[in-house]
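Enquirer: The lines below spell out each chain.
Number of protein chains: 2
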Amino acid sequence: MTFKFEITHKASQTRARLGTLTTPHGAIDTPNFIFCGTKAAVKALSPAQMRAAGSDIILSNTYHLMLSPGADLIAEMGGLHKFMGWDGPMFTDSGGFQIFSLGHGAVADEIKGRGQMHRPKTILKITEAGAEFRSYIDGKKFFLSPEGSVDIQRKLGADLIVQFDECTPFHVDKEYTARSMEMSMRWGDRSLAEHARHNDGTQAMYGIVQGGVYEDLRKTSCDWTRDRPFFATAVGGSLGATKEQMYDVVAMTMAMVHPERPVHLLGIGSFIDIFTNVRQGIDTFDCVSPTRMARHGWAMVKGAEKERMNIRNATYRNDQDPIDETCGCHACKSHSRGYIHHLFKVSELLGMQLLSIHNVFTMNRLMRDVRSSIANDTLDAMQKEWVA
Amino acid sequence: MTFKFEITHKASQTRARLGTLTTPHGAIDTPNFIFCGTKAAVKALSPAQMRAAGSDIILSNTYHLMLSPGADLIAEMGGLHKFMGWDGPMFTDSGGFQIFSLGHGAVADEIKGRGQMHRPKTILKITEAGAEFRSYIDGKKFFLSPEGSVDIQRKLGADLIVQFDECTPFHVDKEYTARSMEMSMRWGDRSLAEHARHNDGTQAMYGIVQGGVYEDLRKTSCDWTRDRPFFATAVGGSLGATKEQMYDVVAMTMAMVHPERPVHLLGIGSFIDIFTNVRQGIDTFDCVSPTRMARHGWAMVKGAEKERMNIRNATYRNDQDPIDETCGCHACKSHSRGYIHHLFKVSELLGMQLLSIHNVFTMNRLMRDVRSSIANDTLDAMQKEWVA
Numbered sequence: 002m003t004f005k006f007e008i009t010h011k012a013s014q015t016r017a018r019l020g021t022l023t024t025p026h027g028a029i030d031t032p033n034f035i036f037c038g039t040k041a042a043v044k045a046l047s048p049a050q051m052r053a054a055g056s057d058i059i060l061s062n063t064y065h066l067m068l069s070p071g072a073d074l075i076a077e078m079g080g081l082h083k084f085m086g087w088d089g090p091m092f093t094d095s096g097g098f099q100i101f102s103l104g105h106g107a108v109a110d111e112i113k114g115r116g117q118m119h120r121p122k123t124i125l126k127i128t129e130a131g132a133e134f135r136s137y138i139d140g141k142k143f144f145l146s147p148e149g150s151v152d153i154q155r156k157l158g159a160d161l162i163v164q165f166d167e168c169t170p171f172h173v174d175k176e177y178t179a180r181s182m183e184m185s186m187r188w189g190d191r192s193l194a195e196h197a198r199h200n201d202g203t204q205a206m207y208g209i210v211q212g213g214v215y216e217d218l219r220k221t222s223c224d225w226t227r228d229r230p231f232f233a234t235a236v237g238g239s240l241g242a243t244k245e246q247m248y249d250v251v252a253m254t255m256a257m258v259h260p261e262r263p264v265h266l267l268g269i270g271s272f273i274d275i276f277t278n279v280r281q282g283i284d285t286f287d288c289v290s291p292t293r294m295a296r297h298g299w300a301m302v303k304g305a306e307k308e309r310m311n312i313r314n315a316t317y318r319n320d321q322d323p324i325d326e327t328c329g330c331h332a333c334k335s336h337s338r339g340y341i342h343h344l345f346k347v348s349e350l351l352g353m354q355l356l357s358i359h360n361v362f363t364m365n366r367l368m369r370d371v372r373s374s375i376a377n378d379t380l381d382a383m384q385k386e387w388v389a
Numbered sequence: 002m003t004f005k006f007e008i009t010h011k012a013s014q015t016r017a018r019l020g021t022l023t024t025p026h027g028a029i030d031t032p033n034f035i036f037c038g039t040k041a042a043v044k045a046l047s048p049a050q051m052r053a054a055g056s057d058i059i060l061s062n063t064y065h066l067m068l069s070p071g072a073d074l075i076a077e078m079g080g081l082h083k084f085m086g087w088d089g090p091m092f093t094d095s096g097g098f099q100i101f102s103l104g105h106g107a108v109a110d111e112i113k114g115r116g117q118m119h120r121p122k123t124i125l126k127i128t129e130a131g132a133e134f135r136s137y138i139d140g141k142k143f144f145l146s147p148e149g150s151v152d153i154q155r156k157l158g159a160d161l162i163v164q165f166d167e168c169t170p171f172h173v174d175k176e177y178t179a180r181s182m183e184m185s186m187r188w189g190d191r192s193l194a195e196h197a198r199h200n201d202g203t204q205a206m207y208g209i210v211q212g213g214v215y216e217d218l219r220k221t222s223c224d225w226t227r228d229r230p231f232f233a234t235a236v237g238g239s240l241g242a243t244k245e246q247m248y249d250v251v252a253m254t255m256a257m258v259h260p261e262r263p264v265h266l267l268g269i270g271s272f273i274d275i276f277t278n279v280r281q282g283i284d285t286f287d288c289v290s291p292t293r294m295a296r297h298g299w300a301m302v303k304g305a306e307k308e309r310m311n312i313r314n315a316t317y318r319n320d321q322d323p324i325d326e327t328c329g330c331h332a333c334k335s336h337s338r339g340y341i342h343h344l345f346k347v348s349e350l351l352g353m354q355l356l357s358i359h360n361v362f363t364m365n366r367l368m369r370d371v372r373s374s375i376a377n378d379t380l381d382a383m384q385k386e387w388v389a
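Protein chains in written order, with the working numbering: chain A, 2 to 389; chain B, 2 to 389.
The hints are simulated quantities; they were obtained by calculation from the structure and are not laboratory data. Keep in mind the model is a prediction, meaning the values are calculated, not measured. Check before you lean on any hint, since a few could be wrong.
Identical copies carry no separate label here, and so any pair may be met within one copy or between two of them.
Capping the alpha-carbon separation at 25 Å, the derived lysine-lysine pairs in BS3-like fashion look like this [claimed, not checked]:
#, residue 1, residue 2
1, Lys142, Lys346
2, Lys307, Lys11
3, Lys244, Lys220
4, Lys142, Lys126
5, Lys303, Lys175
6, Lys175, Lys122
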């Protein structure tokens, strides 16, 4: 079996656990962080730089790739791994998140891939069959069904793939959430069936738990995913309007998911959120924030106020220290805050590259620290080092 | 003596020669190419990436650095080498080229550092004392004299520095060219005097040969530089309106310059121009073209038509070959034309980074080939390999 998830250690007081997630492109230790290479590239960094910064696994977005360069082209080029030059484990989402979040107009905190927060609605029609939407690039009409999403993900060829689901806006009521969840379950069954039809052992599928902030719906959804032959579970849907609500929704969900499958929490990436959610048993995270913050001049810094430092701040103008003297990344070993401040001030691309390297390295360092402190039962103490 | 130029081989049929130019930050073999790190950074690349691509020496622009972050700040940060993290030889120009070329409005082919070809004139007054101009950043008034330029270059701390001169528009007549040249000589003497007042052996100065396309003026200027205690010679001023005229002006000038000093040709960087001008004895070149072309999607390719390939061309969409299969750069070893085409199409910064690596590597490879073929007396054959 090319896919495997072994839980190698369980914490005594919490659901925190260590594991090894094995894919045809290698194994990763969990908890781990999956970096977003939205358009088959992590922004500003090469696969070699991602490796050098300690990264284990990269995600790419089905939505963006189906529009450009297209799944057939990537298949012709030998699949996503070969196309982008990353030979480690890869993950693709189903395309649903972007279709619906872009479609409803500025629903998501982060509209991935373009950085624009206000845009016309592009979702045209959601039916049992699937979703009709307009391309964010040229307005051309597209239709994506569960079968289509799985077909595209098969052509892309990532190791870990995700069922197609509807991503609801966070303000919808319980009735809409329930109806949407039920359709996502039917879409999940169709996704599994399509996956089974062509399954050659090179890909494994995540089922998505929906149900918004409602415990009974989350229970229905968790039961449904447990009963299906998914390899793994992703916690999706609305997690509420505040961090506290998100922690509560994850906690209630994690009490009910399949206990032996790897669990991915979609779109979460701050230090505090990672510490809090690994205690609930989350195994992997993804978020655009490390590279997105970097491009806007924010360095993620262990123990710093709000977990970060704005390198554009005039304070750093003549600062000869590295961003973080405890960090071993290329940027911190080779360059000063003053120099990186200058690069941002005069709009040199190198500034984005150096901060991206630093933030990626920092996330990987965080995950190593999280794993070692779970092993040593010192997660609380480690959290105090990372979160001021 | 920390500075030295040794001519190690002379070609039999031409003025082509091999040499070693020694500075306090190491020696470079000549002929060689100096990469432009205009604002204390080579665009899109780190010093570590420049090294990995085989680069020996970097230039930075006094004009841009005096405006931002300022020479005093760079001095406070330990000088340009430490500030930008490049420990090899460095070169700064005098600031004159940008002041005058920006000042006259779109005079130069390449208006360095901003990529805009049309802009208001920023030069306010040229007098014997120096030049008054407005900052391209915020319109603030600045004044630069020969003493000021040398003072700023001392604070920046590059190994190789350049006298202050007037850079005339290419359409001026002989009388203006002569008057300007004479003022540049007086400015050169003042530059030398200022340099001598503080000379601690860490910097060496280039004198600039002016005189436009006029042989008698070039002779006057060459005689003047030969008679002054410059370490090296730079060929500046108008080189004419066509490549042929440029080759003629360089040829006539090279017959008259100090034969034992290193000679730099300002702003020239195509393959054919390098082959043609090393035959006249040029030892070093600089040009923004390798990294500028890269950012616009042009790969410099040995033996290709027009010396280059437009990676944005739809032909490359599904091309699995590297840009240049004979190239050993990181981009060619790791990525296909199809992937880099995709990166440019979806505006991923990584595309610029990869093409920049390729073009820098290619220029360094070209210069190695130029040197080995001068040594073997096979420069003509080598030119045929590089220039289609």
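Enquirer: Would you pick out the hints that fail for this structure and give their numbers low to high?
Expert: 2 and 5
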